[in-house]
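Protein chains: 2
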Amino acid sequence: MKDLRQVTVIGLGLLGGSITLRVLRSLPGVKTVGYTHRPSTRSKAKQLAVATEIADDINKSVSGADLVILATPIHTFEDIFGKIHDALSDGCIVTDIGSTKVLPHRWAAKKLPETIHYVGSHPIAGSEQRGIEFARDDLFDQTTCILTTTKKTNRQAVQTLNSFWSGLGCSVKLMTPTDHDRIFANISHLPHVVAAALINSNNNDDLKFAGKGFIDTSRIASGPANIWADVLLTNADNTTKGIDKIIAELLKLKKAIKGRNKQQIENLLETARKKRSTLINYKIKKEDLIS
Amino acid sequence: MKDLRQVTVIGLGLLGGSITLRVLRSLPGVKTVGYTHRPSTRSKAKQLAVATEIADDINKSVSGADLVILATPIHTFEDIFGKIHDALSDGCIVTDIGSTKVLPHRWAAKKLPETIHYVGSHPIAGSEQRGIEFARDDLFDQTTCILTTTKKTNRQAVQTLNSFWSGLGCSVKLMTPTDHDRIFANISHLPHVVAAALINSNNNDDLKFAGKGFIDTSRIASGPANIWADVLLTNADNTTKGIDKIIAELLKLKKAIKGRNKQQIENLLETARKKRSTLINYKIKKEDLIS
Numbered sequence: 053m054k055d056l057r058q059v060t061v062i063g064l065g066l067l068g069g070s071i072t073l074r075v076l077r078s079l080p081g082v083k084t085v086g087y088t089h090r091p092s093t094r095s096k097a098k099q100l101a102v103a104t105e106i107a108d109d110i111n112k113s114v115s116g117a118d119l120v121i122l123a124t125p126i127h128t129f130e131d132i133f134g135k136i137h138d139a140l141s142d143g144c145i146v147t148d149i150g151s152t153k154v155l156p157h158r159w160a161a162k163k164l165p166e167t168i169h170y171v172g173s174h175p176i177a178g179s180e181q182r183g184i185e186f187a188r189d190d191l192f193d194q195t196t197c198i199l200t201t202t203k204k205t206n207r208q209a210v211q212t213l214n215s216f217w218s219g220l221g222c223s224v225k226l227m228t229p230t231d232h233d234r235i236f237a238n239i240s241h242l243p244h245v246v247a248a249a250l251i252n253s254n255n256n257d258d259l260k261f262a263g264k265g266f267i268d269t270s271r272i273a274s275g276p277a278n279i280w281a282d283v284l285l286t287n288a289d290n291t292t293k294g295i296d297k298i299i300a301e302l303l304k305l306k307k308a309i310k311g312r313n314k315q316q317i318e319n320l321l322e323t324a325r326k327k328r329s330t331l332i333n334y335k336i337k338k339e340d341l342i343s
Numbered sequence: 053m054k055d056l057r058q059v060t061v062i063g064l065g066l067l068g069g070s071i072t073l074r075v076l077r078s079l080p081g082v083k084t085v086g087y088t089h090r091p092s093t094r095s096k097a098k099q100l101a102v103a104t105e106i107a108d109d110i111n112k113s114v115s116g117a118d119l120v121i122l123a124t125p126i127h128t129f130e131d132i133f134g135k136i137h138d139a140l141s142d143g144c145i146v147t148d149i150g151s152t153k154v155l156p157h158r159w160a161a162k163k164l165p166e167t168i169h170y171v172g173s174h175p176i177a178g179s180e181q182r183g184i185e186f187a188r189d190d191l192f193d194q195t196t197c198i199l200t201t202t203k204k205t206n207r208q209a210v211q212t213l214n215s216f217w218s219g220l221g222c223s224v225k226l227m228t229p230t231d232h233d234r235i236f237a238n239i240s241h242l243p244h245v246v247a248a249a250l251i252n253s254n255n256n257d258d259l260k261f262a263g264k265g266f267i268d269t270s271r272i273a274s275g276p277a278n279i280w281a282d283v284l285l286t287n288a289d290n291t292t293k294g295i296d297k298i299i300a301e302l303l304k305l306k307k308a309i310k311g312r313n314k315q316q317i318e319n320l321l322e323t324a325r326k327k328r329s330t331l332i333n334y335k336i337k338k339e340d341l342i343s
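Listed in order, the protein sequences are those of chains A and B. For the first sequence, position 247 (counting from the first letter as 1) is numbered 299 according to our numbering, and the numbering increases by one without interruption. For the second sequence, position 190 (counting from the first letter as 1) is numbered 242 according to our numbering, and the numbering increases by one without interruption.
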């Protein structure tokens with residue numbers, strides 16, 4: 053890629069490691085530098101050769117970088133911005149891959165100098181697995197990456213980042229951080245809350261009889277609790293609004309069941325069935341277009 | 053199977069058709085008779101040769117049967133018991149494969165003579181697909197079938213039915229209809245309600261961004277609305293209690309998020325993660341034992 057000579061990734065977990073591996077595969081000539089604060093993860097990263105270079109010092113890792121990507125938990129971003137800002141070269145693009153975007157934009161505006169261009173990224177990829185040992189160079193194939201921008205965001209930086217994520221296999225979409233956090237509260241953070249609540253409302257004896265339906269419905273609750281606590285906290289208002297909306301829907305169903313109103317139960321279930329069918333058809337169409 | 057010469061299945065959908073197909077494969081010498089009230093489904097069933105014989109009349113279909121299995125929606129059972137009771141041979145075993153069991157037991161006690169032995173069955177198999185064209189002779193492989201019995205249930209009939217479902221590939225467990233309906237409200241009917249509520253609380257524009265997490269969490273909401281309305285109605289008290297329990301869990305999470313109590317959010321998510329991990333390990337162990 054013309055504008056990029058060095059990409060530095062801070063945080064070498066499943067996602068961070070998958071980014072550097074994919075850059076090595078798809079963007080030949082681009083140097084990748086990885087940093088993580090844990091010495092044991094640095095050793096693993098070196099062994100697995102996930103990047104051109106694994107740095108022991110965060111400031112050294114970003115020195116000379118054209119693009120710095122934060123792939124650490126969201127609550128660490130503000131500190132990291134504060135730590136690295138002097139070591140960044142003028143014109144450097146900084147992004148992060150956190151699942152919420154309003155606060156990262158706010159922290160970047162507060163901590164990074166005007167010569168540094170911040171854009172938010174949210175590649176919708178991952179799994180309930182975690183750790184560099186699960187990193188793969190095809191994690192971003194056929195996924196969407198949201199870029200979040202405000203009126204102040206540097207357009208050239210957005211263009212470079214758009215090409216970067218496209219080069220990694222993503223289909224890129226732009227939106228504001230506010231729209232992003234509202235939408236993802238509903239379609240990502242809320243399902244996690246619901247899956248956790250569903251499991252917690254059951255006891256282990258009953259769970260022995262759980263079938264495929266329960267196992268699928270609850271899958272995402274196997275994700276790392278600290279990462280998700282971070283996501284929910286940094287999108288607190290949208291998530292609590294989402295919880296209110298789902299409670300309202302549950303109460304509609306409860307009322308229909310309690311009132312033995314078969315037609316109403318069927319209407320509510322049929323509405324859900326049709327909406328999901330639209331969603332699945334949309335997904336299939338999107339994949340068809342990509343492949 | 054020594055005690056069975058003829059098995060009649062009433063209702064030829066995915067499950068009914070899969071039962072007759074599997075009997076044909078695994079219980080050679082046992083005659084299978086299928087009945088459904090829809091002429092078009094009868095034609096398809098004949099074309100697909102899912103049973104030894106497809107009957108046009110419900111009473112003729114059960115005549116001479118040692119075992120009659122109702123594979124129709126639950127709300128039809130009481131009527132069907134009322135229709136067929138005179139045509140059943142003395143000593144015939146009657147069962148059904150409905151997902152709730154308290155009401156079927158009550159209806160059988162009311163409508164079937166004492167010379168007929170009713171036992172409830174609930175094979176935990178199926179998919180969100182429906183219709184005889186999806187019937188398969190391996191649908192019951194490595195599944196559990198619950199038999200529901202009360203103090204009045206004929207022991208010999210339970211034994212015969214136990215061998216029957218084992219012969220079809222199921223691992224059989226016994227419980228009372230009351231225990232069954234409580235447990236399955238929690239681990240099967242509640243997930244369906246939750247999946248439907250989750251979809252209904254979202255609008256189609258936001259759903260375009262749904263990822264794998266949302267798609268899995270909501271999968272079961274693609275099941276047929278009328279069948280599920282039936283299930284929820286015939287297990288109304290347990291299901292509404294389950295809805296109350298999940299709302300209580302959602303409110304715990306909401307309170308922790310609203311209070312920015314990271315430790316409490318993490319504790320709730322971690323409890324869910326661990327419980328799911330126990331559940332998954334149990335599933336794997338169970339499958340290992342079977343294979």
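A hint or two may mislead.
[What the hints assert, rightly or not] Using 30 Å as the maximum straight-line C-alpha spacing, the simulated DSSO-like pairs for lysine-lysine come out as follows: (1) Lys293/A x Lys327/A; (2) Lys225/B x Lys264/B; (3) Lys203/A x Lys260/A; (4) Lys307/A x Lys310/B; (5) Lys293/A x Lys314/B; (6) Lys83/B x Lys98/B; (7) Lys310/A x Lys314/B; (8) Lys203/B x Lys307/B; (9) Lys203/A x Lys264/A; (10) Lys304/B x Lys327/A; (11) Lys204/A x Lys264/A; (12) Lys162/A x Lys314/B; (13) Lys304/A x Lys310/B; (14) Lys260/A x Lys83/B; (15) Lys163/B x Lys203/B; (16) Lys326/B x Lys307/B; (17) Lys260/A x Lys163/B; (18) Lys307/B x Lys314/A; (19) Lys135/A x Lys98/B.
Hints were generated in silico from the structure; no laboratory data involved.
Inset, instruction - With a cut-off of 30 Å on the C-alpha distance, tell me whether Lys310/A and Lys314/B pass. - result: 36 Å, violated
Margin query: So if I understand the rule, the pair passes when the alpha-carbon distance is 30 Å or less; does Lys225/B with Lys264/B pass?
Written below: 34 Å, violated
- Task: Take a quick look at whether Lys304/A and Lys310/B sit within 30 Å of each other, Cα to Cα.
- Result: 24 Å, holds
Restraint status (C-alpha distance of Lys203/A to Lys260/A at most 30 Å):
Roughly 53 Å separates the two Cα atoms, so the pair is violated.
So if I understand the rule, the pair passes when the alpha-carbon distance is 30 Å or less; does Lys162/A with Lys314/B pass?
23 Å, holds
| query | Is the Cα-Cα distance between Lys260/A and Lys163/B 30 Å or less? | reply | Not OK: Lys260/A and Lys163/B at ~34 Å, beyond 30 Å, violated.
*Between Lys203/B and Lys307/B, does the CA-CA distance stay at or below 30 Å?*
46 Å, violated
> Holds or violated: Lys326/B with Lys307/B, Cα cutoff 30 Å?
Replying inline: Holds: Lys326/B and Lys307/B sit about 21 Å apart, inside 30 Å.
- Query: Holds or violated: Lys304/B with Lys327/A, Cα cutoff 30 Å?
  - Reply: Roughly 29 Å between the alpha carbons, so the hint for Lys304/B and Lys327/A holds.
- Query: Is the Cα-Cα distance between Lys135/A and Lys98/B 30 Å or less?
  - Reply: 74 Å, violated
Check: Are the Cα atoms of Lys293/A and Lys314/B separated by 30 Å or less?
Finding: Judged against 30 Å, a Cα distance of about 18 Å means the pair holds.
Q) Under the criterion that the straight-line Cα-Cα distance not exceed 30 Å, is the pair Lys204/A, Lys264/A satisfied? A) Given that 30 Å is the threshold and the Cα spacing comes to 48 Å, the pair is violated.
In summary, the numbered hints that this structure violates are 2, 3, 7, 8, 9, 11, 14, 17, 18 and 19.
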